[in-house]
Each structure stands twice: as structure tokens, then as C-alpha cells.
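**Q** Using the numbering used here, the letters of the sequence shown map in sequence onto residues 1 to 126.
Quick caveat, the hints were computed from the structure, so don't treat them as lab data.
All of these numbers come straight from a predicted model, not from anything done at the bench.
Positions of the beta carbon are idealized from the N, C-alpha and C atoms, including for glycine.
Among the hints, a few may not be true.
Distance ranges between label pairs, derived from CB positions [as the list claims (entries may be wrong)]: (1) Thr66 to Ala34: 25 to 33 Å; (2) Pro48 to Gly92: 32 to 40 Å; (3) Thr97 to Ala122: 31 to 39 Å; (4) Arg93 to Ala60: 17 to 25 Å; (5) Val42 to Leu95: 18 to 26 Å; (6) Lys70 to Gln47: 25 to 33 Å; (7) Ser104 to Glu22: 21 to 29 Å; (8) Ala21 to Ser100: 24 to 32 Å.
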Amino acid sequence: MSNERTPAVPATFDAGHLATAELDARFHLDRVMAMVGVDGLVEALAQPFLLAKVDQHAAAVRQSITAAGKPIDSISLAGYARSVIAVHQRHGRPLPTPDSIDWSDADWTVLRLVSVCSLADAADAF
Numbered sequence: 001m002s003n004e005r006t007p008a009v010p011a012t013f014d015a016g017h018l019a020t021a022e023l024d025a026r027f028h029l030d031r032v033m034a035m036v037g038v039d040g041l042v043e044a045l046a047q048p049f050l051l052a053k054v055d056q057h058a059a060a061v062r063q064s065i066t067a068a069g070k071p072i073d074s075i076s077l078a079g080y081a082r083s084v085i086a087v088h089q090r091h092g093r094p095l096p097t098p099d100s101i102d103w104s105d106a107d108w109t110v111l112r113l114v115s116v117c118s119l120a121d122a123a124d125a126f
């Protein structure tokens with residue numbers, strides 16, 4: 001049955017690609033959360049100076065993503081985290097592990113990744 005409101009041929013929209021990208025992004029954010037996010041956010045809640053640093057980095061991440069015209073969602077946040085990790089690795093530095101981080105002197109990469117995790121948590125991107 002067809003009329004002017006329902007086309008005779010169903011419109012084809014492949015949401016599979018978007019669903020796959022979303023799942024991949026959430027998986028990557030989960031890995032980042034396990035790498036630095038959980039411990040970093042717990043430490044930030046216990047140490048006001050660290051929370052302030054994470055908040056400053058989160059503001060910078062948010063501005064970077066929105067300036068590119070993208071929403072703060074799992075796909076954008078995962079892409080940002082991937083870029084941070086790629087630059088870190090290109091400089092020949094090992095990825096941080098929870099045991100290797102001195103939270104009183106966390107480096108830029110760690111703070112950036114923790115801020116991504118903070119934004120992902122606020123955006124329900126996990």
C-alpha cells in the first residue's frame with residue numbers, strides 16, 4: 001500500500017555504519033577510562049588542585065571539539081583521545097598506566113585523557 005506519505009520503495013538508510021562507529025568509539029573510551037580515567041577522576045575528586053587542572057583541560061577539549069563544529073559525544077571524544085595518544089606515541093613515549101602516574105605531577109597527556117574521560121562521563125558516552 002502506498003500514498004503520498006509512504007513511499008512505494010522503502011527509503012534506505014544504513015544506520016549500521018553509525019552504530020558501528022558509536023560502538024567503536026565507546027570501546028575506545030572504555031580503554032582510555034581503564035588506562036587513566038578511573039584513577040585520575042578518583043584522584044581529582046580527592047585533590048582540588050588536580051580537579052582544577054582536569055577542569056581546565058576539559059574546557060580546552062570542549063572548545064576544540066565545538067570549534068570544529070562537532071558535538072560532545074562518544075565519537076568526537078574518542079577521536080580526540082586517539083589523536084592525543086597518537087601524538088604521545090609519535091614522540092616515542094610509552095602510554096601511561098595507572099601504576100606509572102604521579103598524580104601530583106601528571107603530565108599534559110594524562111591530564112588531557114582524564115579530561116576526555118570526565119567529559120565522556122558527563123555526556124553519558126560510555
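**Q** So, for every hint listed, does it hold in this structure?
**A** Structure-based check of each hint:
Taken as a hint, the range 25 to 33 Å holds for the pair Thr66 and Ala34, whose Cβ atoms sit roughly 27 Å apart. For the pair Pro48 and Gly92, the supplied restraint of 32 to 40 Å holds, since their beta-carbon distance comes to about 33 Å. Restraint check, Thr97 to Ala122: a C-beta distance of roughly 25 Å breaks the suggested window 31 to 39 Å. In this structure the hint that Arg93 and Ala60 lie 17 to 25 Å apart at CB holds, the actual value being about 20 Å.
Between Val42 and Leu95 the CB atoms are about 19 Å apart, so this pair conforms to the stated range of 18 to 26 Å. Taking 25 to 33 Å as the suggested C-beta distance range, the pair Lys70 and Gln47 conforms, at roughly 31 Å. Evaluation of the 21 to 29 Å hint for Ser104 and Glu22 yields a failure: the beta carbon distance comes to about 36 Å. Taking the beta carbon of each, Ala21 and Ser100 are about 31 Å apart, inside 24 to 32 Å as hinted.
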